[in-house]
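A.B. asks: Protein chains in written order, with this note's numbering: chain S, 54 to 348; chain Z, 3 to 650; chain W, 2 to 222; chain E, 3 to 168.
Keep in mind that a hint or two might mislead.
As the list claims (entries may be wrong) - With a straight-line cut-off of 20 Å between C-alpha atoms, the simulated PhoX-like cross-links for lysine-lysine are:
#1 106(S) / 113(W)
#2 153(W) / 169(W)
#3 331(Z) / 113(W)
#4 391(Z) / 113(W)
#5 200(W) / 106(S)
#6 631(Z) / 587(Z)
#7 331(Z) / 213(S)
#8 600(Z) / 573(Z)
#9 203(W) / 157(S)
#10 213(S) / 333(Z)
#11 301(Z) / 218(Z)
#12 152(S) / 169(W)
#13 283(Z) / 373(Z)
#14 448(Z) / 463(Z)
#15 213(S) / 325(Z)
#16 196(S) / 333(S)
#17 106(S) / 203(W)
To be verified - Just so you have them, the derived chain S footprint on chain W, three or more residues with Cβ under 8 Å:
#18 66-79
#19 86-95
Derived from the structure by calculation, the hints contain no laboratory data. Every residue, glycine too, gets a C-beta built ideally from N, C-alpha and C.
Spelled out from the first residue to the last, the chains are:
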Amino acid sequence: MNYGYFPGCSQTGSAKEYDISLRRVIDKLGVSFDEIEDWSCCGATSAHATNHKLSTALAMRNIMLAEQQGMESIIAPCAACYNRLIMSQFEIANHSGVKQETEKLLSSKFLKDIKVFNVLELFLKIGINKIAENRKRELSDLKVACYYGCLLVRPAAITKFDDAEQPTSMEKIVESTGAHTIDWNYKVECCGAAHSIARRDIVVDLSKNIIDDARAHGANVMAVACPMCHTNLDMRQRAMRRKYPGHEEFPVLYLTELIGLALGMNERELGIDLHYIDFKYADSALENSIANKMG
Amino acid sequence: MTVRVLPGSVKIFSGVEYSTDYKYMCSDPGQNLIKEAIHKYRLDAIVVGSCSPHMHERTFRNAAVSAGINPFMVEIANLREHCSWVHDDIESSTHKAIELVRMAIEKVKRDKPLTKINVPVTKRVLVIGGGIAGIQAALDVANAGYEVVLVEKEPSIGGHMSQLSETFPTLDCSQCILTPRMVEVHQHPKIKLLSYSEVVKVEGFIGNFKVTIKKKARHINEDLCSGCGLCITKCPIKKKAYNSFEEDLAFRSAIYIPFPQAIPNIPVIDETVCTYYKTGKCGMCVKVCDRQAIDFDQKDTMLVADIGAIIVATGFKLYSIDKKSADSKYKGYGEYGYGKYRDVIDGLQFERIASASGPTSGEIKRPSDGKEPKKIAFIQCVGSRDDSKGISYCSKICCMYTAKQAMLYKHKVHDGEAYIFYMDIRAGGKMYEEFVRRAIEEDDVKYIRGRVSRIYEKNGKYIVKGEDTIAGMPVEIEADMIVLATAMIPQDNAADLARTIGVPYDKYGFYNESHPKLKPVESTTAGIFLAGACQSPKDIPESVAMASAAACKTIILLSSDTLEREPVVAKVNEDLCAGCFYCKKVCPFGAVEVKDVKDINGIVYKEVAYINQGVCQGCGTCTATCLSKSIELAGFNNEEIFAEIAAL
Amino acid sequence: MSANTSKDTKKLQPSFVTSPPAPDSCQNTYNNSDHTQKHTVADEISERTFQDVSLCYQCGKCSAGCPIRYYMDIAPNKVVRLIQLGYYDEALKSETPWLCAGCLTCSTRCPKEFDLAKFMDAVREIAIEKGVEVKQKNIIKFHQAFLDQIRKHGRSYEVGLVAEYKMKTLDLLQDIDSAPGLYLKGKLGILPHNIKDRKVIKNIFKKTKNKTDNRDTESTY
Amino acid sequence: MDKQKWEPKIVAFVCNWCTYTGADLAGTSRMKYPANTKMIRVMCSGSIDPVFILKAFERGADGVLISGCHPNDCHYNAGNFHARRRWDFFHELLDFIGIEKGRLQFSWISASEGKKFADVISKVTKDIKALGPFTDYQKMNSEFTAFFPEETAEDHEVLNKVEEIV
Ligand SMILES: Cc1cc2nc3c(=O)[nH]c(=O)nc-3n(C[C@H](O)[C@H](O)[C@H](O)COP(=O)(O)OP(=O)(O)OC[C@H]3O[C@@H](n4cnc5c(N)ncnc54)[C@H](O)[C@@H]3O)c2cc1C
Ligand SMILES: Cc1cc2nc3c(=O)[nH]c(=O)nc-3n(C[C@H](O)[C@H](O)[C@H](O)COP(=O)(O)OP(=O)(O)OC[C@H]3O[C@@H](n4cnc5c(N)ncnc54)[C@H](O)[C@@H]3O)c2cc1C
Ligand code: SF4
Ligand code: SF4
Ligand code: SF4
Ligand code: SF4
Ligand code: SF4
Ligand code: SF4
Ligand code: SF4
Ligand code: SF4
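So that you can see chain S by itself, here it is in the shape it has in the complex (with noise of 0.2 Å):
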């Protein structure tokens, strides 16, 4: 399979690693990305916040280049700008007069239908069994708060893959690898992604009543799949520690990651060394997986 790939712009500076994870483990599950030439920022949060035309436009181009560069899907791993790129296209599906303004702002006509899909809809397409299959790791001594953040499946008439107040996806994706995954509230709750940098202290809150909750319902790690929340999630908790004394660190990573160990890969490769808080999947951890999955 080969899909087009949008990063987005976190990719390429502070989510790094999450590029970088989720090229390496699409590699060895067989699957690989064309990303799109030249393809720009989709406008997120701001642009939308305050111009709709703009962000209609900004996030149309990406859908536009894909389909000069002849891709019939994309993949946009990060949330925001999957979310972005799918309410674009309804507008411009649903809403009279959006496209063809849209589309003089482009100089181009949009002539097929691209389809968006995000880093939970890709893992589900190339089939969780291929995870399970390739394992090298059983990562079962995880217990893994699954974070979907507000993006990723809402709203739900328009995602259309997975249930908005309950979603059961990423639970699935995680388990395929062996950890176990606990039931929480805050699974949909928002992080606040977008005063990251304006209101530092409004996202320290929300971050920290995330974090809280999945360790009252015995999380040891938080899986994520959004750049942003894992800036909110994972950097802010120094923030945290200023604000709320008593703040224990709690380990939080990307999807991407958390299925690279259990294929196998270390933290490095993975990027896992660039967060914030510190998570080692000690070798002793990966022996006693192993013991006692023989045992």
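Start from chain S and add chains Z, W and E with the ligands according to the hints.
C.D. replies: For chains Z, W and E with the ligands alone, coordinates are given in the frame of chain S:
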């Protein structure tokens, strides 16, 4: 308009034998004038230029009849409401009056004598559904001296009311007022109760229905069983099936009577859990029953009944917040956990918990750990008034039952706190608003205006995230138990049943009344009436009022031996009919049937439409639809209307 | 932001309010407002969001679930209410639309299927066009800085973003605990990724620039 | 024809239960409207055959009005639903055969809308007056009438929909 000139003007139209004018044509002297003219000039049709036919058509038709001509050979030109009263200009209105009379003349020339249709009436009423509405209707009809067949799909009658604890607005015990009624049904010589039965087919038409009823196998011989209940106590299968009467808050045995006051008080064996049906062993019930009433081989049986009128009283169902299948028109509440929290219950479950005969003997305990909830939250309009979940209407009764339940809670848990999240309080009814105020003022129930966004569990408590939209403040309550006032929706099979018996239903599945104001208990199908919550959400007083009204309407129908109907019905010309059956598709009343046409050898060579004159209501939709123009509506056939057009 | 406060412009208010008891402090901030105008702010919002504001029946479920609710000056449902009734000034001046994180929780749960997140987008957009003074200056500056990066490079360039944001807000200390860390971990590039076809991006920005926006081109939307 | 003195001839097909009764109410309320319109009463607007309209034009009507109960308010539940579907389509057809669309008008008038009835009649009369006399009626012949029944595809669709709803 100058009336004076009319007689002379219309006299010249062909076919007019005599014309005259009179000031009060509908008065006795006026009518006599008509009768005399009929005799004197041997008239065979008359046109009256007068007021609206809706006013005096009947008067003039009767006059015609007494003078010996067919009542349908009378046409009325509406010269008052449609001409003299609405036009000032004398010349043009006089001209119009002449034309109106001419149109009527042209029509009457083509009118055919018609006779009223007489259909016999079977003096037996079918009541479908044995809730309070069905019970009330059955008793009223039976007390008027007519036979009633009451069909109830469950093993016992009683419906939802039998599950309620106490009822608003008086807080009297539901069972106490219902049980005597149920017993009365059972003992009434005119009522035949068919419990655990369903209507599977309805044929025929008003006064003459033929109804097929399936009596499901209870595996108990009803004639032998005394209802002693020994079999139930001895049945070893005790916890394999949820007790649906207790809203799944308790278990029941494989052989069971739904609840102690059940009517009839005869058990049913649940084949899906009984050991005998699984392994062929056990038979404990057989051993203990000294009346040999257990009959494992009993089969479903079909009964056919001749029925004159039908009352549908199949009630409602409570919406559940569970996740629904993708094709369902409803959606569940993921934000409230799709029903995964055990202490988040619905209204009927609370009724059972508050009921003295319920699983907790009336003590307020929460299902998860049996502890008494000290803080309870009620959430109104769950499902209702929610376009996104598929139910746009207001369920009408939940404001009231929520107030009632909060009160009952406060009466039983004195140190408890009760919060109600509401959007509006709809308490229109006698003593209803007073009842709600009592909950607030005397029982200190806290009403918070705002829809709850989310419920989740945290350390054994349920966090209710709300907003007080009046104060403009966010609200978070840590409750021990939550009661959802979920919507009243139609029964699961409401649409199927509607199609079986031939009543129309709305987009939700509630049955349609014939006119929302003036014919609220009639369905649009003649001879079929509606009662209770199958028509729309209703409380008990309304259900009962509607049931009595429906009963009264059937009694009116049954009080005569034959039914006379206006002969304005459609008829098919079988030679022309192409058998396309478009007419069958459009007929709103299902009056069109398929008829085989046979040649002399008795071999069917074509199918044609046949219109059942008892069912046809004379709307004429079929006539306009028929491409081969094979259908005519008596009294309004094409020839008559063309003549009117031609007379313009 | 330029304040267009002018004492003699009439306060925009619902037509049923006859004598406005408006204290000076809530005098309107528009430069082109007049309550007799036919095309109201509510109409404008309906057009941009393809949904009528009258859909909302004020149940409050949006506010009940909003993760940012506690930081807002007024509840999200109240912003809708103000627009429904024609209290445009109050709605546009509220911090709430600026604090809204666009998380779609409200839109997902609204019983009337009203897309409140989209509504908030439109309110912000109109507030900018009308030149309403926004109290959440940092948020607006962040958006400006973010979009400037895209305009210049075609992609968001985090170093540039943070630098520009700092310049705008003069809040030089705030992110000090993460930015150096990011450098050390090799996550922040020193140079921006410029896309090739920056012309088209510039063009999009130019063409979609809000008409009534008359501030300097470099740092507006 | 003397344009000055010319008065349009209008035929209204109305249903017995709503519009006819509404017209009665206009009468009892002494509301005034022009006398150009003559009414033909049918049981339900669903029973109005398009042929009736063509016949009316053939007979020199300058305009035709169809009026029945409001949707959902039909005495027969679904009759006017059929009417509506049929008319949408027929309206187009009329245009196609060269009769100005404005000559055929529709409205839904309930039994309690006497005022509306008077208003509608006044408006229709005005509209038809503005269109001037319909002179093509001599050219019309039963060909049109024969032409109409061919249009089944649309009816098909309507019928199928109805089946789902009823
Ligand atoms: C939680 C709750 C609390 C309430 N509290 C009050 C209160 O305090 N006061 C008050 O006035 N009202 C109250 N009500 C309302 C009351 O329950 C209803 O008004 C009443 O039950 C309606 O009666 P019904 O006979 O129309 O319908 P139902 O009670 O639903 O009875 C319908 C009957 O028809 C049977 N049936 C269904 N389909 C078929 C079929 N196809 N063939 C044969 N039989 C069939 C059913 O089994 C049932 O027995 C409450 C309702 C709820 C949900
Ligand atoms: C402003 C208003 C608007 C309404 N709008 C609607 C609406 O849109 N839809 C709707 O469904 N309902 C509406 N209603 C309600 C509706 O008017 C009533 O439901 C209905 O009129 C009640 O009918 P009734 O026969 O019970 O009483 P009434 O209409 O009051 O009739 C009672 C009759 O009894 C006579 N009478 C009284 N005392 C005696 C006596 N001692 N001896 C002899 N005769 C007596 C009276 O003169 C009167 O004729 C409205 C009501 C109001 C006030
Ligand atoms: S106008 Fe009608 S009511 Fe009046 S006298 Fe004549 S027939 Fe009777
Ligand atoms: S079946 Fe027999 S044992 Fe059971 S209740 Fe009836 S009579 Fe009693
Ligand atoms: S045969 Fe069935 S119903 Fe009878 S006692 Fe055994 S399990 Fe119970
Ligand atoms: S009756 Fe009350 S609780 Fe029930 S739907 Fe209506 S407003 Fe909501
Ligand atoms: S529509 Fe006409 S031709 Fe077709 S079946 Fe009915 S009567 Fe016969
Ligand atoms: S006239 Fe109406 S009710 Fe009678 S058969 Fe035709 S469509 Fe059915
Ligand atoms: S949830 Fe929807 S309907 Fe309710 S207040 Fe918010 S926007 Fe309005
Ligand atoms: S989109 Fe905005 S208003 Fe809606 S819930 Fe999220 S933050 Fe609150």
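A.B. asks: Any hints from earlier that this structure breaks? Give me their numbers in increasing order, please.
C.D. replies: 1, 12, 13, 19
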